[in-house]
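Visitor: Protein chains in written order, with this note's numbering: chain A, 1 to 352; chain B, 1 to 227; chain C, 1 to 213.
No wet-lab data here; the hints were simulated from the structure. Computed from a prediction, not measured in an experiment: that's the story for all the values here. No residue lacks a Cβ here, since even glycine has one placed at the ideal position from N, Cα and C. Honestly, I wouldn't trust all of these hints.
To be verified - Ranges between beta-carbon positions, derived for each pair:
| # | chain 1 | residue 1 | chain 2 | residue 2 | range |
| --- | --- | --- | --- | --- | --- |
| 1 | A | Ala34 | B | Ala50 | 17 to 27 Å |
| 2 | C | Ala21 | A | Asp189 | 55 to 65 Å |
| 3 | B | Gly32 | C | Ala62 | 47 to 57 Å |
| 4 | B | Ala41 | A | Gly59 | 54 to 64 Å |
| 5 | B | Gln220 | C | Gln64 | 49 to 59 Å |
| 6 | A | Gly59 | B | Gly32 | 46 to 56 Å |
| 7 | C | Ala79 | B | Ala46 | 50 to 60 Å |
| 8 | B | Gln227 | C | Glu81 | 17 to 27 Å |
| 9 | C | Ala62 | B | Gln220 | 32 to 42 Å |
| 10 | C | Phe36 | A | Thr75 | 37 to 47 Å |
| 11 | B | Pro160 | C | Glu78 | 29 to 39 Å |
| 12 | A | Gln317 | C | Ala21 | 22 to 32 Å |
| 13 | C | Ala82 | B | Ala50 | 51 to 61 Å |
| 14 | B | Gly32 | A | Ala122 | 49 to 59 Å |
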Amino acid sequence: MLLFQAKFSNITPDMNEAKDKEKDKPRPGLKPVADMVGIELGSGNRGGTPVVRIRRGAGGAFELAAAAMLPLDSTLPAVGAMASKSGGWVLPKAFQAPSAAFAVTSDDALLRQASGVDEAMADKEKARFRTQLHAEDGDSLPFVAAVPDAVASWAAHLLPEGRRPTAVSIQVADMARLNAFAVSPSFADTNGTALLLIAGASSTALAIFNEFAPVLYRKHSIGGRDVLEAVCRKMNLDEATARDILNDTLIDPTAVIEPVLGPLFRQAEMSADYAVRMKGCFIDRFFLCGLETGVRYWADVFKQRTGAEIVPCNPAQEMARTAGAVLPADFENLAGAFVPAIGAAVAAMEGA
Amino acid sequence: MSRTIHINLLRDDERVSSNPVRMRVMAPIFCGVALAALLGAWAMLAAANAARQREEAAIAATTDDLKPAIAAFDALVLRVNAARAEIDQIGRYRNGRVVFGDMLAKLPDVVPASIQFTSVTIPPPYRAPAKKEDKSPVRSSAAPKSDAQVKPGKSTGAAPEKVFLNLAGLVDSAETAAKLKTAMAGPDFAHLVTGAEIPGGAFKMSSDGSGQFFFEISCQCTDRRFQ
Amino acid sequence: MIPAAKFPAWRDLSPASRRSAAVSTALLAFAVGVVFLLLLPARQEHGRLAAAVSDAAANLDALQAKIKQTTARQEEAEALEADLDALRQSGVLEPLLGSFEMRGMALLKPLAESNGVALVGGNVRRLPQLAIAEAAPAQGRHYARQPLEFTASGAYPRLAAFIRDVERAHPMATVSSLRIVAQARDPEVQEMTVGIEWPVVAPPPPAPEKKGK
Numbered sequence: 001m002l003l004f005q006a007k008f009s010n011i012t013p014d015m016n017e018a019k020d021k022e023k024d025k026p027r028p029g030l031k032p033v034a035d036m037v038g039i040e041l042g043s044g045n046r047g048g049t050p051v052v053r054i055r056r057g058a059g060g061a062f063e064l065a066a067a068a069m070l071p072l073d074s075t076l077p078a079v080g081a082m083a084s085k086s087g088g089w090v091l092p093k094a095f096q097a098p099s100a101a102f103a104v105t106s107d108d109a110l111l112r113q114a115s116g117v118d119e120a121m122a123d124k125e126k127a128r129f130r131t132q133l134h135a136e137d138g139d140s141l142p143f144v145a146a147v148p149d150a151v152a153s154w155a156a157h158l159l160p161e162g163r164r165p166t167a168v169s170i171q172v173a174d175m176a177r178l179n180a181f182a183v184s185p186s187f188a189d190t191n192g193t194a195l196l197l198i199a200g201a202s203s204t205a206l207a208i209f210n211e212f213a214p215v216l217y218r219k220h221s222i223g224g225r226d227v228l229e230a231v232c233r234k235m236n237l238d239e240a241t242a243r244d245i246l247n248d249t250l251i252d253p254t255a256v257i258e259p260v261l262g263p264l265f266r267q268a269e270m271s272a273d274y275a276v277r278m279k280g281c282f283i284d285r286f287f288l289c290g291l292e293t294g295v296r297y298w299a300d301v302f303k304q305r306t307g308a309e310i311v312p313c314n315p316a317q318e319m320a321r322t323a324g325a326v327l328p329a330d331f332e333n334l335a336g337a338f339v340p341a342i343g344a345a346v347a348a349m350e351g352a
Numbered sequence: 001m002s003r004t005i006h007i008n009l010l011r012d013d014e015r016v017s018s019n020p021v022r023m024r025v026m027a028p029i030f031c032g033v034a035l036a037a038l039l040g041a042w043a044m045l046a047a048a049n050a051a052r053q054r055e056e057a058a059i060a061a062t063t064d065d066l067k068p069a070i071a072a073f074d075a076l077v078l079r080v081n082a083a084r085a086e087i088d089q090i091g092r093y094r095n096g097r098v099v100f101g102d103m104l105a106k107l108p109d110v111v112p113a114s115i116q117f118t119s120v121t122i123p124p125p126y127r128a129p130a131k132k133e134d135k136s137p138v139r140s141s142a143a144p145k146s147d148a149q150v151k152p153g154k155s156t157g158a159a160p161e162k163v164f165l166n167l168a169g170l171v172d173s174a175e176t177a178a179k180l181k182t183a184m185a186g187p188d189f190a191h192l193v194t195g196a197e198i199p200g201g202a203f204k205m206s207s208d209g210s211g212q213f214f215f216e217i218s219c220q221c222t223d224r225r226f227q
Numbered sequence: 001m002i003p004a005a006k007f008p009a010w011r012d013l014s015p016a017s018r019r020s021a022a023v024s025t026a027l028l029a030f031a032v033g034v035v036f037l038l039l040l041p042a043r044q045e046h047g048r049l050a051a052a053v054s055d056a057a058a059n060l061d062a063l064q065a066k067i068k069q070t071t072a073r074q075e076e077a078e079a080l081e082a083d084l085d086a087l088r089q090s091g092v093l094e095p096l097l098g099s100f101e102m103r104g105m106a107l108l109k110p111l112a113e114s115n116g117v118a119l120v121g122g123n124v125r126r127l128p129q130l131a132i133a134e135a136a137p138a139q140g141r142h143y144a145r146q147p148l149e150f151t152a153s154g155a156y157p158r159l160a161a162f163i164r165d166v167e168r169a170h171p172m173a174t175v176s177s178l179r180i181v182a183q184a185r186d187p188e189v190q191e192m193t194v195g196i197e198w199p200v201v202a203p204p205p206p207a208p209e210k211k212g213k
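Using the sequences plus the hints, can you model the full thing?
Guide: Structure (structure tokens):
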């Protein structure tokens with residue numbers, strides 16, 4: 001069984017290490033949170049910072065009330081930098097919910113399947129990181145999440161006191177993507193058992209759900225960027241042309257990308273097999289999220305390799321919308337960029 | 001059932017409230033507002049006091065301007081009071097005046113022919129002695145003594161002065177003397193004489209062997225009341 | 001669940017909360033100072049000024065009411081003084097060359113002559129003044145009774161007529177003492193010593209000495 005190789009091995013616990021599960025449990029007697037803003041930090045998106053507003057509709061279902069790429073500088077501070085008290089973000093009226101949840105996208109951020117922080121991080125790295133262990137009873141997977149403390153402190157002060165919204169949650173973007181998928185209608189229509197590939201630019205996360213709870217999580221260092229580069233290199237094309245080929249059916253680049261995606265899908269097979277043997281869950285639903293380019297070819301290669309149909313899934317496009325939702329004109333094209341923000345918001349709402 | 005996993009890396013002490021009404025903001029604001037209100041109240045009070053002071057000064061100036069007129073009025077009051085006081089004193093004097101002339105002129109008409117007066121005396125005003133007992137001015141055959149006193153105004157109301165008219169002389173009989181006494185107390189002198197008597201021991205035989213009698217008749221006249 | 005409210009320790013407060021507490025305390029201290037050093041004294045002064053202005057206004061009204069009566073008082077004073085003059089002229093004795101005796105003799109001599117009474121000119125005696133009222137008035141001249149003792153001789157009817165004429169001619173002249181004595185040498189002529197008093201302006205009597213303990 002291959003395990004994900006940790007990028008950071010020297011992590012030390014600090015006073016922020018939270019072992020308590022109580023924080024994430026809903027507090028009895030309190031009104032459920034029905035309005036939350038989700039913000040992705042460090043997305044690197046040239047259009048702006050992805051921000052969404054999620055509300056609970058009738059019956060408690062999540063609805064998208066607003067989404068936009070706001071002109072806010074969400075570039076993460078460098079690791080090792082002093083925690084600066086930046087802040088003073090003033091969100092437009094459409095996004096002035098009482099609370100906000102951040103999803104931090106960073107190569108330094110960590111989400112690992114581990115039973116403890118010591119297992120997930122090396123001691124000498126723990127001092128610089130803020131860590132949190134999430135463990136539940138039963139077969140549910142224990143996770144360790146970590147972000148550099150400077151980044152967390154910086155994020156905690158982005159939204160000023162006395163104005164709406166104020167920060168109530170800082171999450172790792174990888175977990176936020178998982179959460180966005182967990183509440184998507186596509187997943188809700190299944191029996192709770194599925195394999196999910198979340199394709200990023202340079203890595204792809206693989207998660208297996210059983211009874212709607214993740215039972216396996218791995219991250220593999222093959223992403224959409226690798227596919228694009230293979231097409232450029234092998235077919236001697238520029239990036240734009242390669243992107244067009246991947247989005248078009250005129251020229252079939254399968255032969256080029258199959259060697260790139262093959263190992264990834266092999267891992268997916270093995271993980272599925274592991275899940276069947278160890279957890280007893282038979283996976284017959286496969287989902288692919290996060291891809292902007294070449295979705296059909298990923299699906300074709302997946303089918304060639306595994307014989308299974310993998311379904312593209314965009315939780316942002318699938319989410320129900322409130323009446324009069326404030327969305328950009330090209331939301332359908334940008335929807336994928338809002339997934340981490342949506343995932344952070346819904347997790348904060350359910351975890352409040 | 002929750003399908004999401006919320007791993008929150010935000011510390012509790014980093015949570016802030018979106019409520020603009022925060023105690024650490026509102027407390028200084030309330031204290032500042034209270035201070036401003038107190039200062040405002042003080043300013044208003046000070047302004048009112050200044051206005052009152054101006055009003056007081058204006059009234060004082062007006063009052064000062066009236067001083068000559070008030071002084072003139074007070075002088076008039078003094079003149080009025082002085083005149084009244086003098087008129088009162090003169091009036092008291094006039095009220096205490098007793099007239100003897102008519103009575104003296106008419107006296108010979110009522111005196112019997114057998115009476116020969118040796119003296120007619122009106123003693124001077126009765127003056128209270130230093131001791132408590134008063135000396136009667138009845139026996140006035142000797143030189144009148146200035147022992148009549150006016151009671152000093154020790155208490156409220158001037159004490160009336162007793163006035164007496166004493167007649168002394170020779171008479172042939174007691175009956176004649178009594179006749180004269182009755183005449184003195186009679187209607188002819190009723191406006192002046194209130195009573196007449198022959199004091200005890202005032203009727204005695206003359207020692208010159210004439211067979212006549214010395215007599216004295218003391219007539220009490222109207223009191224002199226200076227009121 | 002909302003935990004029971006309790007005051008955190010100073011060290012547990014954030015710097016912003018500490019600043020807030022310090023500023024609030026300072027403002028409260030200023031407020032207390034304003035109350036005791038400015039507001040309360042100003043309020044006291046306000047009350048004092050209100051009373052003072054009220055009193056001054058009432059006083060001014062009273063003065064103005066007084067002044068309105070000036071004409072009436074003027075007329076009253078003039079009328080009273082006219083009455084007083086008339087009274088004085090009707091009988092208050094004024095000294096002649098500083099002498100009441102000379103004045104008295106001047107008044108009686110014509111009457112004596114007209115009645116055939118011989119007044120002894122050099123024998124006018126000024127007797128001690130007598131009070132009219134118990135105490136001197138607070139204002140105005142003080143009057144007293146000034147008896148003058150005259151000596152005269154003549155027949156009784158002439159003497160009586162003389163007394164009567166004096167009383168009629170001088171409404172303020174009052175016989176205060178009288179002594180008519182028969183003369184052994186001449187039964188037709190009696191000698192009269194008569195005290196006649198007039199009201200005169202006199203110095204006020206001295207204030208009685210207070211009996212010290």
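Visitor: All hints, please: hold or fail.
Guide: Outcome of the hint check:
1. About 59 Å separates the C-beta atoms of A/Ala34 and B/Ala50, a value inconsistent with the hinted range of 17 to 27 Å.
2. Between C/Ala21 and A/Asp189 the beta carbons are some 56 Å apart, a value that agrees with the proposed interval 55 to 65 Å.
3. Between B/Gly32 and C/Ala62 the CB atoms are about 49 Å apart, so this pair conforms to the stated range of 47 to 57 Å.
4. The hinted range of 54 to 64 Å is satisfied by B/Ala41 and A/Gly59, whose Cβ atoms lie roughly 57 Å apart.
5. Between B/Gln220 and C/Gln64 the Cβ separation comes to about 58 Å, which falls inside the hinted range of 49 to 59 Å.
6. Against the hinted window of 46 to 56 Å, the Cβ-Cβ separation of A/Gly59 and B/Gly32 comes to about 48 Å, which satisfies the hint.
7. Here the CB-CB span from C/Ala79 to B/Ala46 is close to 55 Å, well matched to the stated 50 to 60 Å.
8. Here the CB-CB span from B/Gln227 to C/Glu81 is close to 23 Å, well matched to the stated 17 to 27 Å.
9. Between C/Ala62 and B/Gln220 the C-beta distance comes to about 53 Å, which lies outside the given range of 32 to 42 Å.
10. Between C/Phe36 and A/Thr75 the beta carbons are some 56 Å apart, a value that contradicts the proposed interval 37 to 47 Å.
11. Separation of B/Pro160 from C/Glu78 is about 35 Å and conforms to the stated range, judged on CB atoms against 29 to 39 Å.
12. Taking the beta carbon of each, A/Gln317 and C/Ala21 are about 51 Å apart, not inside 22 to 32 Å as hinted.
13. Take C/Ala82 and B/Ala50: their Cβ atoms lie about 53 Å apart, and the range 51 to 61 Å holds.
14. One distance hint, 49 to 59 Å for the beta-carbon pair B/Gly32 and A/Ala122, holds here, with the actual separation near 53 Å.
In terms of the numbered hints stated before, the structure departs from hints 1, 9, 10, 12, listed from lowest to highest.
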